[in-house]
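Chains as they are written, first to last, in my numbering: chain E, 625 to 955; chain C, 625 to 955; chain Y, 6 to 360; chain Z, 6 to 360.
For the record, the hints were derived by calculation from the structure and aren't laboratory data.
Treat the hints with care, as some may be off.
As the list claims (entries may be wrong) - Pairs of lysine-lysine residues, derived as BS3-like cross-links and limited to a Cα-Cα distance of at most 25 angstroms, are as follows:
#1 E:K874 to C:K857
#2 Z:K347 to Z:K8
#3 C:K951 to Z:K347
#4 E:K663 to Y:K28
#5 E:K916 to C:K951
Claimed, not checked - Computed spacing ranges between beta-carbons, pair by pair:
#6 Z:F355 to E:K951: 55 to 65 angstroms
#7 E:G704 to Y:E323: 52 to 62 angstroms
#8 C:D681 to Z:L356: 21 to 31 angstroms
#9 C:G737 to E:K954: 11 to 21 angstroms
#10 C:D681 to Z:A308: 42 to 52 angstroms
#11 Z:M6 to Y:N84: 33 to 43 angstroms
#12 Y:E323 to C:G817: 20 to 30 angstroms
#13 Y:G357 to C:D875: 48 to 58 angstroms
#14 Z:E351 to E:K849: 22 to 32 angstroms
As the list claims (entries may be wrong) - Residues on chain C that point at chain Z, a partial pick, calculated with CB under 7 angstroms:
#15 E879
#16 Q882
#17 P930
#18 F955
The model shown is predicted, which means the values in this text are computed figures rather than measured ones.
All C-beta atoms, glycine included, are put in the ideal place defined by N, C-alpha and C.
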Amino acid sequence: MKTAVQTKTLTLVQAITDGLDTMLGESKHVILLGEDIGKNGGVFRATDGLQEKYGEDRVIDTPLSEAGFVGAAIGMAVNGFRPVVEIQFLGFIYPAYEQIMTHASRLRMRTMGHFTVPMVIRAPYGAGVRAPEIHCDSTESLFTHMPGMKVVCPSNAYDAKGLMIAAIEDPDPVLFLEPMRSYRSSRDEVPEGKYTVEIGKGKKLTEGDDVTVIAWGAMIPVAMKAAEVMKQKGVDCEVLDLRTLYPIDKDLVIESVQKTGRTVILHEAHATGGTGSDLISLINDEAFLYQKAPAERVTGYDTPVPYFGFEDHYLPTPKRVAAAIEKVMKF
Amino acid sequence: MKTAVQTKTLTLVQAITDGLDTMLGESKHVILLGEDIGKNGGVFRATDGLQEKYGEDRVIDTPLSEAGFVGAAIGMAVNGFRPVVEIQFLGFIYPAYEQIMTHASRLRMRTMGHFTVPMVIRAPYGAGVRAPEIHCDSTESLFTHMPGMKVVCPSNAYDAKGLMIAAIEDPDPVLFLEPMRSYRSSRDEVPEGKYTVEIGKGKKLTEGDDVTVIAWGAMIPVAMKAAEVMKQKGVDCEVLDLRTLYPIDKDLVIESVQKTGRTVILHEAHATGGTGSDLISLINDEAFLYQKAPAERVTGYDTPVPYFGFEDHYLPTPKRVAAAIEKVMKF
Amino acid sequence: MEKDFPIFQVMDQNGNIVSAEYKDLVTEERVKQFYSEMVRIRTLDRKSVSLQRQGRIGTYAPFEGQEASQVGTALALENEDWMFPTYRDHGAAMVFGHSLRNILLFWNGRNEGCVPPEGKKIFPPAIPIATQIPHAAGAAFAEKQRGTKNAAICYFGDGATSEGDFHEGLNFASVFHSPVVYFCQNNQYAISVPISKQMNSATIAQKALAYDIPGVRIDGNDVFAVFVETEKALERARNGEGPTLIEAMTWRYGSHTTADDASKYRDQSESAMKRMETDPLLRLEHWMKNEGIYDEAWVKEIAEHAAAEIDAAVQEMESFPPADPAVIFDYVFEKPTWTIEKQKREYLEFLGGEA
Amino acid sequence: MEKDFPIFQVMDQNGNIVSAEYKDLVTEERVKQFYSEMVRIRTLDRKSVSLQRQGRIGTYAPFEGQEASQVGTALALENEDWMFPTYRDHGAAMVFGHSLRNILLFWNGRNEGCVPPEGKKIFPPAIPIATQIPHAAGAAFAEKQRGTKNAAICYFGDGATSEGDFHEGLNFASVFHSPVVYFCQNNQYAISVPISKQMNSATIAQKALAYDIPGVRIDGNDVFAVFVETEKALERARNGEGPTLIEAMTWRYGSHTTADDASKYRDQSESAMKRMETDPLLRLEHWMKNEGIYDEAWVKEIAEHAAAEIDAAVQEMESFPPADPAVIFDYVFEKPTWTIEKQKREYLEFLGGEA
Ligand SMILES: Cc1ncc(C[n+]2csc(CCOP(=O)(O)OP(=O)(O)O)c2C)c(N)n1
Ligand SMILES: Cc1ncc(C[n+]2csc(CCOP(=O)(O)OP(=O)(O)O)c2C)c(N)n1
Ligand SMILES: [Mg+2]
Ligand SMILES: [Mg+2]
């Protein structure tokens, strides 16, 4: 992390644009593909102005075919490019699942490093913006259970740009999840030019001795709010922003849990098969005897993400998190 | 479970054929679809003779298009049929992932029960038969993290037929995983005619006070072997055959773990995001204070299932399981 | 290949019949019926856009400009047929008999919006592009298997033709002779992507050649052309002749959805021109004027009637009971699993504690 | 549409030149080269089947009968071009310069089998059907973007045309004018499913119409026809004219793989007939005989040479070091994650304890 550079005040989505811009400027092998990312600048404007700046060859509107353009991007990556593909919403990544699962993630292993896929797949995810169904999925676990993929998810503008640059420079495929609910909900100081946030490293947002609260992406503000509420009640939370979902920052998590002995995990995804289970397993493996209470999960349910009329019931709220924190404190 | 009926000695794959035959005979709305399931009887002969018996209208060779025929089967299910589709190997289900994820599993919720998808998706899975790459995946977690799907996986002929019939009769979609390594490795007495094994119920295979060993499918013989070895060393294992991966038989698992206080979980799938993590979470939630040691997992690695030249290194073995049992005993 | 797939018209923009063989089809009665249905759905569409602007519903996908395609197809269906609409085809669904209240509830984020009236085989709108194409192949196949004469219609856009599901669905339907009409509203844009970047082929109809099925290209703003070709395709379907691909040339005047801004990627004056030059309602007005039967009072009356009907539905939608959280849990499986029961219990307890 | 896509031949089964314009192409030198390459790969194929029977390799996919398609295409490529084979195209890969030892290692379950010789752009064989079709579109696009004249060839079977990836890949390539040749070996079966159940269209070539790209149908057992049309298609590709779809009519004599039994679903006497009536090697023998230059000693010599070459490779394969478990862990990421490091450490420790 550099210091004393110029900064700009950016929203999370603007920081993503800035990260893409930085890398497009740096190497002609960086190339963007996706639906409506050109003139339209993406449905969330994440690529706004980039086609105009870098040309139709570098910022490419693809046909409406996720498997096709992810597959083509694999071919480009194998042939020396660094494609960054946009999936318009995470819920529309499934048609490309085979390409990601059987090729993007495995090609290095299959060929013992002869062919590699340095590709970034960007996807807005999550509920809370009153979007139509399928637009709100938060199915990161389908990609953490996919050897060969890294999965990152920034919660703020600074991390978004730094992780984007790190992802593009990574020699392996990275799924880059963008919390659409946080795209414009706050602004941060973001350094100009190039810097990276290391993939695989989370971040401690608050210090606390009582409970470790683990979250990422759009759940960070929820966690912070709950921590604030609990602070009033005398409970000190250590809020961890995981930032990378695969590989999880083991040291950060374990150190904190060994200190607090109590854990609350927060995610939008369904409980069963969610990353919460992986975190509980990690604690089981590495901090079993430190636990003062069973870890609590506050998650989406084992139900599809509902239509937006119901999403406030589905999404974890500061109140539900606070209740979980109280529960682990009282155990 | 009926008694005093005639039985036949069948392999697991023959029991599946028998279950399909039983249901095809019972209702003309049961209909099979898949690649090479007709004249060829399926690449594993699971549908052998069924097209001849029931006709090309009921046992349908589809074009090579998993999304297409799973999608079409959804349309048939919605329109009164009970399609049973075969995916030739679980590793080839990914092109159909979108259809399963956004339609088969969600349609009941989307329409508040107006349209439903009583469909069974059969898929041989797992390594250990020296098959080419991608043919050996064991990615059940991609479907347990999919609200609206049930996931079952028999380990023997009796359960295979009973679960198949239960799956076809189930009003909701069921993923039916078939351990190809166990297809012909043993024979069981299988009742003629119709019976069911309840979805959502596991089975205790051995009684034991020391360690709970949880497995399913092709890992059952591995678990049993390890339990036998440990028995020699004076450790009594309670081996549970999970049989259903969603919803997990909570009562069976928790009762056993509350008794033994020690757990070893065994699966072929990758560790991160595997069902092992869900089991650890379940124990965390329901039997935290009963634990005498952290649960151990013996699983496939966080690597793609390797080419078959390496699969013996990848697959859990009785020795690895025995070592894990010793570890939890010594904790 | 454009010349192999000429654009079929019954009536031109000036209200003149250009296909003499269909002269008798264009009766005053039919013109008035088609016209008033188009007015009904246009009224719904405009109302919905304004409801969204007022925050009374969520993101909305307008279809204004595409009314002829939706009305012409829906009126060609029999009651027992299946309809597989997209998010932009609630005009067709409305004409086919969907509940207006439920259509509005859909856009307000309520599952109730996907429930058609009893006996009406209207699938929920396809959100993931092209996924409905195999569904229609399968549902239609089931009708054939059962020996009925029912058929299915499946709607999709020009962009949808790029998805694998388009190909796999049409292939399936062609191999099994599913009685289904694949109706593509080629409004020439997939959000911002014009058809020239979507495909290398000049027409969508020619894609039928890959499956050796009939491919037809029509003026999708000519409600009679739509009606005629849909009927013919349905007829073939019912007769066991399998699927047809219809490409209906049309245009959406507005943005892709209320969350989109069309002026970002196209000159909206083109839409203004299209309104004058190819509008499907204007065309019938011209015909009525040519025939000397245009009746301003009647036009006003049907407009008012439509407005009243839709206002009533808006009222119903807005007085609908608030979202019951139990709905999230109760429709995942026929019988909830213990996981879902537990989550429901805990959440309702939590809400109880709240209150 | 069959008549729109006649089957192009240079040489008929009796060794007669039927396309006069290519008369000069068929020289003694070329015939001998093509013939000896076909002998080489047929020898590999038969040897592999027998190795599998002896349990010395795993399940194997034979291509006997399809040699002309594989040799004719591979010899049309330039050194810098890309090749995207399937599990049945190692004949083509071998001719294009893949390591024989590695080809055999592939069938023995070793990742080393997917590593081509340095500088040879041969992708690992596609196992999930049709997934390589978009890869080739992208890799070829990258060549174009870089301004080279390199092209790609992408192989697949008749069954593969039903997958969505076929459609999405061809659409992508057509829109972006990727320099790629899509070469379909239509052996008329996808495992047990005959082409008549795979598709409703009589030809695969006609599917090119959906993308407005050239579609060509050829006799895939006529190595000259294959060579000529592949060269033409490569030429178009290099000239910026985009992709071509070639349908090569052929037949596999044997089963789908050594795990399959073709007699379950087709009368294998048909294969025996094809051997006599359309075999690609016989055809060149006829030509040589017609020309009076058939030299039994030479034929014997190249057969022996091929056998020796393959035996040497089998030896290399069999004396290859045993599978090192580290390979499982070391190639997932460039730098292993802690999860993988830990799993590797634990497993190697466990193995150590074993020893
Ligand atoms: C699989 C999938 N990918 C992307 C989207 C996002 N999306 C919604 S509508 C649309 C454009 C569809 O264009 P077209 O098929 O022409 O239909 P139109 O909207 O013009 O009626 C896109 C890309 C989606 N809904 N589903
Ligand atoms: C996605 C996928 N589905 C199913 C299979 C299983 N499978 C392997 S080869 C094959 C048939 C392929 O037929 P075709 O494309 O004609 O090629 P051929 O084997 O005849 O060369 C099938 C169904 C697979 N490998 N991948
Ligand atoms: Mg469109
Ligand atoms: Mg074939």
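Consistency of the hints with the structure:
Distance check on the hinted pair: E:K874 and C:K857 sit about 35 angstroms apart at the alpha-carbon level, beyond 25 angstroms; violated. Taking the CA atoms of Z:K347 and Z:K8, the gap is about 63 angstroms. The hint is violated against a cut of 25 angstroms. For the suggested pair C:K951 and Z:K347, the alpha carbons sit about 17 angstroms apart, so the restraint of at most 25 angstroms is met. Restraint check: the Cα-Cα separation between E:K663 and Y:K28 comes to about 45 angstroms, which exceeds 25 angstroms; the hinted pair is violated.
For the hint linking E:K916 to C:K951, the alpha-carbon distance of about 23 angstroms falls within 25 angstroms, and the restraint holds. For the pair Z:F355 and E:K951, the supplied restraint of 55 to 65 angstroms is violated, since their beta-carbon distance comes to about 39 angstroms. With their beta carbons about 57 angstroms apart, E:G704 and Y:E323 fall inside the hinted range of 52 to 62 angstroms. The beta-carbon spacing between C:D681 and Z:L356, approximately 54 angstroms, falls outside the hinted interval of 21 to 31 angstroms.
Checked against the given bound of 11 to 21 angstroms, the beta carbons of C:G737 and E:K954, roughly 39 angstroms apart, lie outside it. Between C:D681 and Z:A308 the CB atoms are about 50 angstroms apart, so this pair conforms to the stated range of 42 to 52 angstroms. A hinted range of 33 to 43 angstroms holds for the C-beta pair Z:M6 and Y:N84, which are about 37 angstroms apart. Evaluation of the 20 to 30 angstroms hint for Y:E323 and C:G817 yields a failure: the beta carbon distance comes to about 56 angstroms.
At roughly 26 angstroms, the beta-carbon separation of Y:G357 and C:D875 lies outside the given 48 to 58 angstroms, and the hint is violated. Checked against the hint of 22 to 32 angstroms, the pair Z:E351 and E:K849 fails, with Cβ atoms roughly 40 angstroms apart. Against a cut-off of 7 angstroms between C-beta atoms, the interface hint on C:E879 is violated, since the closest Cβ of chain Z lies about 30 angstroms away. With its C-beta approaching chain Z no nearer than about 29 angstroms, C:Q882 sits outside the 7 angstroms limit, and its interface hint is violated.
A cut of 7 angstroms between beta carbons decides the hint on C:P930: the least distance to chain Z is about 5 angstroms, and the hint holds. Hint on C:F955 is violated. Least Cβ distance to chain Z is approximately 16 angstroms, over the 7 angstroms limit.
Hint compliance for this structure: hints 1, 2, 4, 6, 8, 9, 12, 13, 14, 15, 16 and 18 are broken, all remaining hints hold.
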